[in-house]
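Asks: My request is simple: use the sequences and hints to build the entire structure.
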Amino acid sequence: MVRHTGFFARYEDVEHCRTELLASEQIITVTDFGAGSHTGAGRQRRVRDIARTAAKPRQLGQLLFRLVNHFQPRTVLELGTSLGLTTAYLATANSKSRIITFEGCPATAAVARETFNSLGLRTVELIEGNLDDTLAPTLAALSAP
1 MVRHTGFFAR YEDVEHCRTE LLASEQIITV TDFGAGSHTG AGRQRRVRDI
51 ARTAAKPRQL GQLLFRLVNH FQPRTVLELG TSLGLTTAYL ATANSKSRII
101 TFEGCPATAA VARETFNSLG LRTVELIEGN LDDTLAPTLA ALSAP
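By the working numbering, the letter at position 76 of the sequence shown is numbered 76, and the numbering carries on one by one without gaps.
Check before you lean on any hint, since a few could be wrong.
[What the hints assert, rightly or not] Quick list of in silico lysine to aspartate or glutamate cross-link-like pairs, DMTMM-like style, CA-CA up to 25 Å:
(1) Lys96 x Glu78
(2) Lys96 x Glu12
(3) Lys56 x Glu78
No lab work stands behind these hints, which were simulated from the structure alone.
Replies: Put into structure tokens, the structure is as follows:
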């Protein structure tokens, strides 16, 4: 199942969102808590440029989809939501998995929420804020395992 090279119907939905993000003229102000952009981009960035440079490739998203689909985890943690494409692959793989994703930038998180809403993803919990402040309390609040 993990090495499956065929097609899952939900791939098309996520890739449709990718196409829309790659065409977006929307400009957002990026707050960067991590390593920063390696493209030399400033704080004002087009969503399409973020989608082109920061989004994980389709093949990686689909591999993560297959992993979640195969192992059926109860909870998945993702560090760095960006525009939400990889998160969407994780969430569409198993509607019973709780997906907790962290994004520091409020403007980027807002775009990710639009992605989740357009796909009808209800199992995604987006934690917004600096990971230094949000990760430990979120992990502490998780029930075992």
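Asks: With reference to the structure, classify each hint as holding or not holding.
Replies: Against the structure, the hints:
no., hint, result
1, Lys96 x Glu78, "holds, 16 Å"
2, Lys96 x Glu12, "holds, 20 Å"
3, Lys56 x Glu78, "holds, 13 Å"
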